[in-house]
Amino acid sequence: MSIQVKFFASLREQVGLSDSTIEQASTAAEVWDLATNKQQQPDNLVVAINLEYAKLNSSVNDGDEVAFFPPVTGG
Amino acid sequence: MVMKSPFFHPLLVADMAAIISEDYFEPWQLISEHQQKSELAKQFGATATFVGSMRDFNDDAHVSEMLLEHYPEMTQRYLEKLEHDAKQQWPIIDCLIAHRVGHIKPADAIVVIACWSAHRRAALDACNWLIEQLKFNAPFWKKESRPDGDVWVEHNTAG
Numbered sequence: 001m002s003i004q005v006k007f008f009a010s011l012r013e014q015v016g017l018s019d020s021t022i023e024q025a026s027t028a029a030e031v032w033d034l035a036t037n038k039q040q041q042p043d044n045l046v047v048a049i050n051l052e053y054a055k056l057n058s059s060v061n062d063g064d065e066v067a068f069f070p071p072v073t074g075g
Numbered sequence: 001m002v003m004k005s006p007f008f009h010p011l012l013v014a015d016m017a018a019i020i021s022e023d024y025f026e027p028w029q030l031i032s033e034h035q036q037k038s039e040l041a042k043q044f045g046a047t048a049t050f051v052g053s054m055r056d057f058n059d060d061a062h063v064s065e066m067l068l069e070h071y072p073e074m075t076q077r078y079l080e081k082l083e084h085d086a087k088q089q090w091p092i093i094d095c096l097i098a099h100r101v102g103h104i105k106p107a108d109a110i111v112v113i114a115c116w117s118a119h120r121r122a123a124l125d126a127c128n129w130l131i132e133q134l135k136f137n138a139p140f141w142k143k144e145s146r147p148d149g150d151v152w153v154e155h156n157t158a159g
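Just so you know, the sequences run in chain order V and C. With the working numbering applied, the first sequence corresponds to residues 1 to 75, in that order. With the working numbering applied, the second sequence corresponds to residues 1 to 159, in that order.
Any given hint could turn out to be false.
With beta-carbon atoms standing in for the labels, derived distance ranges [unchecked claim]:
{"hint": "1", "chain 1": "V", "residue 1": "L45", "chain 2": "C", "residue 2": "P106", "range": "30 to 38 angstroms"}
{"hint": "2", "chain 1": "V", "residue 1": "M1", "chain 2": "C", "residue 2": "R77", "range": "39 to 47 angstroms"}
{"hint": "3", "chain 1": "C", "residue 1": "E39", "chain 2": "V", "residue 2": "Q41", "range": "46 to 54 angstroms"}
{"hint": "4", "chain 1": "V", "residue 1": "L56", "chain 2": "C", "residue 2": "F136", "range": "18 to 26 angstroms"}
{"hint": "5", "chain 1": "C", "residue 1": "Q36", "chain 2": "V", "residue 2": "N37", "range": "13 to 21 angstroms"}
Covered by chain V, per the in silico footprint, the following chain C stretches (three or more residues, Cβ under 8 angstroms) [stated by the list, open to error]:
{"hint": "6", "stretch": "68-74"}
{"hint": "7", "stretch": "99-112"}
{"hint": "8", "stretch": "129-137"}
{"hint": "9", "stretch": "141-154"}
Note that these hints are calculated values from the structure, not bench results. Predicted, not measured: the structure shown is a model, and the values here were computed from it. A virtual CB, placed ideally from N, CA and C, is assigned to each residue, including glycine.
Isolated chain C, as found in the complex (with noise of 0.2 angstroms):
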């Protein structure tokens, strides 16, 4: 697919990336996996990541794992506009997203954003954007294990 940039030279642009993953990943793995495979990874000049990770902790409480419960045609569909969008507001040639539902332990990766642009501009806004996007839109609930049961996860901290 060929788009133009905002300085009208023509840039290619991958097709990008959406992963719901109910087994665990290494999320460093996934991202140079990811690029390593691109055909278009000579035009990357900058790469922009965000990897969101279990704390074994919340509320001053000690949380032992957490349950990711999600919305499966909702998420997969959200997840892919909102790469879309992103590509919209921003010259960014390639992009992953993948995030863990099901069983998580702490210190596991929840969640990973890889933007990639030929500069560092474009995929570090639309990295910060996708974040907050994802967190806030993106259908999925956690419930956490704590010693005195388990809890829904009822908002999301401000940053």
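Pulled out of the complex, with its shape left as it was, chain V reads as follows (with noise of 0.2 angstroms):
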């Protein structure tokens, strides 16, 4: 199993990683957890599983792109 997983903007220089790969979990928070060495989560993290907004207590498979990313500012 592997899933991949980015870390984009302010939360990237915040974790210090901007792409990281876990073996195994089975949510986007134990992602979070295995990829931070459970660094603290930001109260407005944002997260996408595979492109699309998902919830941190959202299921993850193998093969999955996971990404955690500030709330957005574009525009």
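Mind assembling these two chains? They're in different frames, but the hints should get you there.
Next up, the structure:
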């Protein structure tokens, strides 16, 4: 099992990682804990799984891409 | 492609465009060129546009430059989904969304949205909806260069 993990913007700088791979997890929250070595989650943490918005308790599967980022500020 | 308008007249719908660009673009030229090359231009009765540009100030601080980061695969997909969803809600004939990423200077256009419809209400409502959806959901992030250092923008303005 392999899950790709990505971090963007201020969160990338805060975590100190732009991407990572983890072997196994059941939820996005578990992906966060494993990829960040249980760093504290920001209150406004946003999650996407396979390019779609998701929740921290959303399930993850083998081959998924899980992204963590702060609230968006485009436009 | 043919879809039904609310009045059940056949309405042709163009292939819509979502552009993410690292290069400077001139917003009005982009809109004009898109309209001129459209095979459906003779159906356009209304054009609604929104152009968002970079200010040289934010939160009372001078901003000399901006870095716009994005999540490339998700951004492209999300902008195309927005166009699709707008088309489902309003009888728009054509739509253009363009967004800058990378290094941006004050007065540069950041985002362009244009909607074309047979009548004004659809174009105006779709354009307004698209910019609000984009600002609060499309995965872009701004980092501003200020006199005291580079700062990530943490929230959008209310409007």
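Status of each hint after checking the structure:
For L45 of chain V and P106 of chain C, the hinted distance range of 30 to 38 angstroms is satisfied, since their beta carbons lie about 31 angstroms from each other. Taking 39 to 47 angstroms as the suggested C-beta distance range, the pair M1 of chain V and R77 of chain C does not conform, at roughly 25 angstroms. Separation of E39 of chain C from Q41 of chain V is about 50 angstroms and conforms to the stated range, judged on CB atoms against 46 to 54 angstroms. Taking the beta carbon of each, L56 of chain V and F136 of chain C are about 19 angstroms apart, inside 18 to 26 angstroms as hinted.
Restraint check, Q36 of chain C to N37 of chain V: a C-beta distance of roughly 55 angstroms breaks the suggested window 13 to 21 angstroms. Only residues whose beta carbon comes within less than 8 angstroms of a beta carbon in chain V count, and the stretch 68-74 of chain C has 6; three or more means the coverage holds. Check on the stretch 99-112 of chain C: 3 of its residues sit with their Cβ under 8 angstroms from a Cβ of chain V, so the three-residue criterion for coverage holds. Counting residues of the stretch 129-137 of chain C whose beta carbon lies closer than 8 angstroms to any beta carbon of chain V gives 5, which reaches the threshold of three, so the coverage claim holds.
Check result for the stretch 141-154 of chain C against chain V: holds, 6 residues qualifying (beta carbon to beta carbon below 8 angstroms, three or more required).
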